[in-house]
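S.K.: Sequence:
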Amino acid sequence: MFKYELVIAGLGGHGIIFMGRVLGYAAILAGKDAVMMTSYSPAQRGGWSKAYIIVSDESISYPVVSEADALVATTLEMLKSEIKWLKKGGILIVDSDLIKDPMVSEEEYRVYKVPARTIAKQETGNERTSNMVLLGALVGLTGIVEPKHIEESIRTSVRRKELIEPNIRSFISGYNIAKETK
Numbered sequence: 001m002f003k004y005e006l007v008i009a010g011l012g013g014h015g016i017i018f019m020g021r022v023l024g025y026a027a028i029l030a031g032k033d034a035v036m037m038t039s040y041s042p043a044q045r046g047g048w049s050k051a052y053i054i055v056s057d058e059s060i061s062y063p064v065v066s067e068a069d070a071l072v073a074t075t076l077e078m079l080k081s082e083i084k085w086l087k088k089g090g091i092l093i094v095d096s097d098l099i100k101d102p103m104v105s106e107e108e109y110r111v112y113k114v115p116a117r118t119i120a121k122q123e124t125g126n127e128r129t130s131n132m133v134l135l136g137a138l139v140g141l142t143g144i145v146e147p148k149h150i151e152e153s154i155r156t157s158v159r160r161k162e163l164i165e166p167n168i169r170s171f172i173s174g175y176n177i178a179k180e181t182k
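Mind the numbering: the sequence shown is residues 1 to 182 in the numbering used here, read in order.
No lab work stands behind these hints: they were computed from the structure. In this text the structure is predicted, and so the values were computed from the model without any measurement. Quick reminder that beta carbons are idealized off the backbone N, C-alpha and C, glycines included. Warning: the hint list may mix true and false statements.
In silico DSSO-like cross-links for lysine-lysine, where the CA-CA straight-line distance does not exceed 30 angstroms [stated by the list, open to error]:
hint	residue 1	residue 2
1	100	179
2	88	179
3	100	84
4	88	113
5	3	88
6	148	161
7	179	3
8	179	113
9	161	121
10	113	84
11	148	3
12	161	100
13	161	87
14	179	84
15	88	100
16	148	179
17	121	3
18	100	113
19	179	80
20	84	3
21	113	87
22	179	121
23	121	148
24	87	100
25	80	100
26	80	3
27	148	113
28	3	87
29	121	80
30	80	113
31	121	100
32	179	161
Have a look at the derived ranges for each label pair, beta carbon to beta carbon [what the hints assert, rightly or not]:
hint	residue 1	residue 2	range
33	59	106	34 to 42 angstroms
34	13	96	14 to 22 angstroms
35	165	39	15 to 23 angstroms
36	61	163	32 to 40 angstroms
37	57	87	26 to 34 angstroms
38	31	155	29 to 37 angstroms
39	126	38	23 to 31 angstroms
With these hints in hand, go ahead and build the complete structure from the sequences.
M.R.: Next comes the structure, spelled out in structure tokens:
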């Protein structure tokens, strides 16, 4: 049985919830079951934002993350807050443009530092697609879904047509970097 639990955490405006939504829909496109719970502060920008996602090849009867296989964090504060969910040996992905030192044991966790904002800016001229770089790294490291499912999910989820290709390019960049470092 395939079951994958993960946590994505950062600030409002970092695209945390959108990242979870794209992944969840991609999992459904891949024929898997997926659930997501979100939590966020009342502040529209600058407040915290979290997505808890479970993907399984069987029906999910208990939709609460109990022990995450992976954690993606865009701020040190959210990393410190959510590391408790990550199992020993789990994958930790941080945006190294925002978290210079994750301050966790690389003996306890598989730590990947991805300069997501830098990569997004190089790929698209805009840092706002850095969330898709991180999603690409997550998919590349875990194989949770195939890239084609993420691309289809992006095409469906991104409302402004001119933003579809930049999001896909950023995703592919993150995916390729992860495959090279895996």
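S.K.: Now look at each hint and say whether the structure bears it out.
M.R.: Comparing the hints with the structure gives:
1. 100 x 179: The given pair, whose Cα atoms are some 22 angstroms apart, holds under the 30 angstroms limit.
2. 88 x 179: It holds: about 22 angstroms lies between the C-alpha atoms, which stays within 30 angstroms.
3. 100 x 84: holds (20 angstroms)
4. 88 x 113: Holds - the C-alpha atoms of residue 113 and residue 88 are around 18 angstroms apart, at most 30 angstroms.
5. 3 x 88: holds (17 angstroms)
6. 148 x 161: Holds - the C-alpha atoms of residue 161 and residue 148 are around 18 angstroms apart, at most 30 angstroms.
7. 179 x 3: Roughly 21 angstroms between the alpha carbons, so the hint for residue 179 and residue 3 holds.
8. 179 x 113: OK: residue 179 and residue 113 at ~14 angstroms, within 30 angstroms.
9. 161 x 121: holds (19 angstroms)
10. 113 x 84: holds (19 angstroms)
11. 148 x 3: holds (20 angstroms)
12. 161 x 100: With Cα atoms ~34 angstroms apart, residue 161 and residue 100 exceed 30 angstroms; violated.
13. 161 x 87: violated (38 angstroms)
14. 179 x 84: With a Cα-Cα distance of about 27 angstroms, the restraint between residue 179 and residue 84 holds, given a limit of 30 angstroms.
15. 88 x 100: Measuring from Cα to Cα gives roughly 22 angstroms; hence the hint holds.
16. 148 x 179: holds (15 angstroms)
17. 121 x 3: The hint is violated at about 33 angstroms.
18. 100 x 113: holds (9 angstroms)
19. 179 x 80: holds (27 angstroms)
20. 84 x 3: Holds, at roughly 19 angstroms.
21. 113 x 87: OK: residue 113 and residue 87 at ~18 angstroms, within 30 angstroms.
22. 179 x 121: Holds. Residue 179 to residue 121 sits at ~20 angstroms (cutoff 30 angstroms).
23. 121 x 148: holds (23 angstroms)
24. 87 x 100: holds (22 angstroms)
25. 80 x 100: holds (14 angstroms)
26. 80 x 3: The hint holds at about 25 angstroms.
27. 148 x 113: Judged against 30 angstroms, a Cα distance of about 24 angstroms means the pair holds.
28. 3 x 87: holds (14 angstroms)
29. 121 x 80: OK: residue 121 and residue 80 at ~27 angstroms, within 30 angstroms.
30. 80 x 113: Satisfied, since the Cα-Cα distance of roughly 16 angstroms is no more than 30 angstroms.
31. 121 x 100: Measuring from Cα to Cα gives roughly 18 angstroms; hence the hint holds.
32. 179 x 161: Answer holds: residue 179 to residue 161 is near 28 angstroms, not above 30 angstroms.
33. 59 x 106: 34 to 42 angstroms: holds (36 angstroms)
34. 13 x 96: 14 to 22 angstroms: holds (19 angstroms)
35. 165 x 39: 15 to 23 angstroms: violated (31 angstroms)
36. 61 x 163: 32 to 40 angstroms: holds (36 angstroms)
37. 57 x 87: 26 to 34 angstroms: violated (19 angstroms)
38. 31 x 155: 29 to 37 angstroms: violated (18 angstroms)
39. 126 x 38: 23 to 31 angstroms: With a Cβ separation near 24 angstroms, residue 126 and residue 38 satisfy 23 to 31 angstroms, so the hint holds.
Hint violations for this structure: numbers 12, 13, 17, 35, 37, 38, all remaining hints satisfied.
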